[in-house]
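Colleague: Protein chains in written order, with our numbering: chain A, 1 to 621; chain R, 1 to 195; chain X, 1 to 480; chain G, 1 to 303; chain W, 1 to 199.
What the hints contain is simulated information worked out from the structure, not anything from laboratory work. There are no misleading hints in this set.
Below, computed lysine-lysine pairings styled on BS3-like, alpha-carbon distance capped at 25 angstroms: (1) Lys566/A / Lys285/G; (2) Lys166/R / Lys175/W; (3) Lys153/W / Lys166/R; (4) Lys288/X / Lys153/A; (5) Lys275/G / Lys566/A; (6) Lys74/R / Lys146/W.
Derived contacts from chain R toward chain W, CB cut-off under 10 angstroms, selection only: (7) Ser72; (8) Val73; (9) Lys74; (10) Lys77; (11) Tyr105; (12) Trp106; (13) Asn107; (14) Ser108; (15) Ala110; (16) Thr111; (17) Met112; (18) Lys113; (19) Ser114; (20) His170; (21) Thr171; (22) Gly173.
Quick reminder that beta carbons are idealized off the backbone N, C-alpha and C, glycines included.
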Amino acid sequence: MYTQALLLLPLVGFGVAFLLQGTVKRSPAIVKTWAMLGFAAIAAVAALAGAEIGTLYEGPTVFGSVLTYGLTDLSWWFVLLIAGITALTTVFTLGSLRYADDYPMYYAWLFAKVFGMIGLVMSRDLLSFFIMWEIMSWATYLVMQQGRDESRKAAQGYLVYAISAGMILLGGVVFLRTASGSFEFAVITKFVAGADLGVIITAIVLVLVPFLIEAAVYPTHGWLPSAYASSETTMTAYLSSISTRMGLFGLILFVFNVFGLDVIDRIGISAHLNLRTLLLVLAALTAVLPTYTALFQHDAKRLLTWHSIGQGGYMLLGLATASTLGTAGGLMHIFNYMTYVALIIFSIAAVEYRTGTTNLNKLGGLITRQPVAFLGMLFGIIGLAGIPPMNGFVSKWFIYRSLILGGYPFVALAAFIATVGTIMSVYKLIHNTFLGQLPERYNEVREVGWVMQLPIWVLMAVVFATGVFPGTILQWIARIQVELGIAPIAYTLGGVAQEAGDLNMMVITLVFTLTFIVGAVIFFMGGKRRIVSQYDNYAAGHFLNKDVPYNFNYNFYSAFDHIFEKLYHAAPVQSTERNLGRLVATVGEYIRRFFTGQINTYAAYYVAAVIIALAFLKEVL
Amino acid sequence: MSDKELTQRSAWETVLASLKKRSLWMLHYCTGCGAVELPPTMTSRFDMERFGIMPMVTPRQADILLITGYLSVKTLKRVILIYEQMQAPKYVVGFGSCTINGGMYWNSYATMKSLDRYLPVELYLAGCMPRPEAIISGFNSLIDRIDRGEANSWKDYYENYEFYRKNQEHTFGDIETHRSIADDAQYYGFVEVTK
Amino acid sequence: MVSPMLFIIAPLSAAFIMILFNSRVIALGLSLLVPIGLAWLGLSWLPYTLGAAQPILVASIPAPLGIPLSIDALGAGMAILVAVSAALVVLYSSSYMKKGHHEVRYYTVVMILLTSAFGLVLTRDIFNLFVFFEILCISSYILVSWEQDGAALEASFKYMVLGSIGSTFLLVSIALVYRVAGSLAMADVATALATAPRGYVAFAAVTFLFGVGVEAAIFPVNTWLPDAHSSAPSSISAILSGFVIELALVVAFRVLNTAFAAVDTLPLVRVVAIAGVIVGEMAAFGQKDLKRMLAYSSISQIGIMLFAFSLGTQAGAQAGLQHLLMHAGAKSALFLIAGYFIVRTGSRLIADYAGLGHRMPVSAALFGFAALSLVGAPPLLGFFTKFQVLSAAGAAGGFTAWLGVAVILFGTVLETVYLFRVLRVLFAPAASGSPARADMDWPALAAVALFTALVVFGALLLPTLSQMIGPMADGLASLL
Amino acid sequence: MNSGIGLIVWIIAYPFVSFFLGVLLGGYGRKLTARVQRRVGPTWIQPLFDVIKLMTKQTNISHGYMHDVAMMMLVGGTLMTMYFVPVPGFHYFSQFGDYIVVMYLLLVPPLGMALGVGQTANPNGSIGISRALQMLAGYEITLVMTFIGFAMKHGTTSMYELMKLQQAGGPATWGIFAEPLLGIAALFALQGMLNEKPFEVIIAPHEIATGPMTEMGGKYLGMMFIQHLIALPMELTIFMNLFLGGAQSWVEYVVKLFVLFTLVLVVNAVYGRFKTDGALRFFWKLPLPLAALGVVMIMANGM
Amino acid sequence: MSGTYTVPTGRPEAARGEKRSASAIVAAIAELGGESGFAVKAPRRVEGRVEAAALHGFAAALRMRVGFEHLSAISCVDWLADGEFELVYHFWSYRDNCLVSAHVRIPRDTATMATLTDLWQPASFFERDIHEMFGVEFLGNEDLEKYILTDWKGPPPMRKDFVSRDFAHDHFTYKNYEPSWDEMIDGGYYSGGQNGGQA
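Required output: the full structure, derived from the provided sequences and hints.
Modeller: Below, the structure written as structure tokens:
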């Protein structure tokens, strides 16, 4: 009963929000309360739907085959993630969405997107999977294109990628349908197991490439930064945390469940150089290059969108090792990343709500004015950088262990290079926003209201709790691994107990608190200390005041600028993207010239056509 | 300097003083010609690091403020700012005759005649640029004074701040150092809380 | 039951009555009434024709001499589509056409076009087919040149020249056929041609194909279409793209499958179809003028339908017909909305529509939904029909089929880009201050809304459609 | 000392032992550098006097609560990492966290300091921190490459296991002799990790007024000194465990510490300072390829 | 000549051509008309008096027509006895490697002079310096504010009638090396902060 409700509620929500769009200008409260109610209900139903795992439900019959949907462990995990983050984002938007009339359809499209995602995650046959995939990508386009014209241009970029991904998938669906005779996953699995190599390769390419495009893996990530960064900040949080992971869900579902791991491994030269190694290399590139591009960004949101690509690379790294630890790391990283990226972007939204800008060169010193936002971002960046005691560390530790012991040293090195890049760009983010001198124009900035603070506190608690007690999350992941046919991870409440050295986050955090207390004791043993104003500062004898600009924000990592200047501006992926677009336009122009506009050429075409047709038929006869 | 400090020092303070004297970090404000005498004192020829004295870059980390020459009105403003940025206990060392009585520029309209009217000076090193031996003997006497607990001139700045402030104002008017010495004095308890 | 002959008589007589009274009100009333009546007539005949084709006795003259007409499931279906589209377009024209610009003549020519359309569907006699075909072409030339400005005249002139070349080829083919068959009825022709020498039949088939092909906008010979559709008044472009081209296509295919069955022309048609899709999409990609872009998009959609029919399988025919229905709805809606965009801004260039979406929110939304369906976004009708076409191609198998699938998929990506580029321009921030609402007038809005409703909620009538589509698809291959 | 009362006593005593070792090492370092410059140099326990002077400063200025918490996090973080590094006779905590954990825990103190320095709102400090993080990309990546090579070779990422393997096998299996390429690369990385002269651009007194320590006065600077004195032996021990086979007895441990530190100091005493991008280019041109070559060699002749 | 002015840039035409001797330069100056008192003082030194009012014209002519494109300095001499300031303008020619110094006498109490900043931008620094140290008013030079003795309230110190020693004595208290016995009692010798409020 709950499973149907999971699909029905977003639809109803969409309908009502669609009708309420007119009221947004006069009183946005109506739409907001409706949205809050709707998403809270979805979250509640998602929690309760756990009981109905495994039962299949019949949907409408299309083209003679019944659309079936239902919950499995993997899909329930994703449904919970979707429902949770949507509810939190909506709570945040209650406070942050001031200019509601700029986004009349904000919640309507959000409902549509949730419907698409939940449908995708719960679909149990190929056709319903594809229908929900298309609905989701269209809904994502509609969600992105709201607000300023800049976001519409970026959404257009996303649309090209999403539609080409959708069409390749449609090709794959048709191919599999004709080859295996039906849409059910079971039939397809049996067919693929028996099929010869050629068929498998085409099926895998046609099905997996769209997921890589949606998950913004390295060569196909061009659309993500501008699309996510130009939409409204809370929407950036929502998109970065969950929207790109649908591609990963597809990957997990098809690689582990539908095609099965042994079929995937049949493609490739040797046990060490097969499809999974290709995925690993792609994942490593995805992890490293976007993270170092994030270093050069001047806008906070754009910096984080580059990170969402980078962290997507980590998840793919974990999954592509297909070992117990690796997949556990990948799956947990999806959850971890969702929590702390939402936390960071919410605090950026809080800063933007008060100061009106996210330009890292203009901000500074807001720690004294917005301490809660600072704390939120602090927890977030510790998680993003993967430093204990936050949860980001646990999943990264799994991924490193599996890569090193799995015999991929250089991929492990690439992962660590990405971590160093993350730490650098993450510190630049918190330094330029909260630390340094407070510009005089932000003197009256105050903390944001409790509505916006609530999600920040909740996420901080989640990031810390799952960091110290990773067992709570690992139990879900173990059940998923069993369902995917991988040996489940031997988890304890504090981490992992394995023969090759284990991890216990509880002990690490306990030791950290004790040593922190020792540090505090030493600190308070010293003399009295006095907090002084920011202008009472060493400036080689110069007198500081509010007119003296005394911040180091611009060009924060100048050495990297020197070294990677040319590479960054060459931006290989974006330039290939532009050239491709120009190529299609010029070819189109030449073809259009076929329609010359003079009647005599048309007559010539006519005669030529008849003659060629006759010749064609002659040799056909 | 009230007499109480001189006589009744607890055993712990005595031990502490003997330890603290072994580490003095010096911020040399090289105005005038005095700076040229410091390299030989610091490097291998005389090596003042034997006594734990090390040149330091920022006032926050320095204990000794070595003013090595005459002070004009403009440089005095900077010296006051740096002095107030230093952490107590801090010792001003006047270096050369220019800081004692204006030295060669005794009749100039622009240079300060005696340093101690603007800052509590712990130690003067006489000489129209004293030689490294003089510097080191001066520092040794400073170390002995710290050991005996007599090097408390920095308290004088807090206790008689009005005197120093008036002289400073007389010279260059008001400066904005974003800090009030009177509040500091009461906060740290160098002066009995009047209000 | 009322005789199906009414399909031909009613519009013809309505045309003459209108000319007689020469009053706008009567003309509008009649041209609304007749299509609605015929639509009802088609609906009433549909259940009967599902079972078997119903021959019609013309003026009670028996078979050998009388004009052989018969209405089968395909005929009834197409008749309903034509009637409904015509009714909606006339409703749209009532507020779209400028008042007093000798409108009566406009409606009479539309009525004549309708008669020829119904005639084409019902006729079983090859010469009769040629006559109705000529009436259809001529009325199209007149309607295309309706704006009387430079572009329209030049376009209709080019259309006429190509059309006449096509008619001569058709006449040649009929002559060849008549020499062999001795009779003009398609049934006799089919039996006669079966025994004729293959080269001879091949030549007749090719000339026939490219004869009708001009009107059916088959790839090499559809060069008139971009100019004609873009310079014709939008209501006419809607009719042309909506059902005129499709009608010619269906008729061409019916004759090819039956009369010239001896010669397997399907591979040729498939190659032409795939070429049509690619050329249509690529040409539309760089377009600056909205109606020209939609015209090129029609070329590619026709290519898709032709590709579906050319598969030769039952599933292919059904998919083609469903796609035809969807395209009629979506493309007509797009053309009609484009018409009002031009009326409101006075310009045909997309760039000048910046911020128009804020002034005409409802029509922009309808444009969006129609585009979504044309591109094949679930849960709209477009998705199901496109999926049918692709799975039929998949089932048919063979290299050209899979090539067709790939081309259609690539074409859809291009189509999405250039259609949603228009939407982005529409909703760009309005240059002027608060935009005054200047939406379409209510009759036009009603017509467009109905077209879009057909397309958006089309998925709901899919189950009922699937029972009827079987016999309709058979109609393509039988002459009863 | 790994169970029961011995453990509790050692947990309490270990920080003091480590601090004292740090003071000795620090004093020895300044003495050695002085001797290289033909100077007498301060007493052996000069760092102790510095720390006492700093901690007993009567006025201290702070720039906010984050500045204070950062100092506690700095010293606390280092102490925490210290417990996870096995020393002769004590490896209780190694079972809860392997070398990857230690590598990440090593990042906690710099992050804490960076946040504190950030709040002091002094651009010199920010420039220093940005240089410190950029240098991280230099030496840390080389160190990790060497570690990955070893972990892959022995199939375990736990530092204690690696140390035991090397102790069992005797000096021949010590990291620096068994895998010379990795050993040399790690030495360069150690020089970077300890912020010694060729890679000391972070402090750079004349250029950015001691970088991060610009606004640190009184007990704040004292806390940083304490952290430095505790971190010094720990970082040397990490290198020793991975490459010199750790130490069974305390005498061997102290001797190895001083020998290793002398090697680092001698290089520090005579070299000038790289610019930041110069240091990075150096690390990516010599040590990293060296380490990579070492790993390739390990993979070549089988796990 | 106040108000915004555009400073001519680039080399004047006359500065090109081959090198001339000092006497040739004197001849060139003579034919400028007006001043005739210029004479060769040393192999590469030409000196002469110019009236205050005529200086600006002379300077412009010297630059544009004779080719002396570089004003190297303006210095001021205080003739207390004659009650006059003597402003010396040093012009220099790169091509001739010769210095022309024009001496101008202006009355001491109403010391005003036309500015040369419209011909040479650096002239403003020389004029600000002289204004600060001697109190000469330069008409047409807007920014005559102090940049050396920023907090100085007293009269222009370089004037001969300003006695630095007397000013120092009444503004600064000196260390009292021979304190009388009562001063010694209250620590007169020890020059700490006790005695008097005077700086």
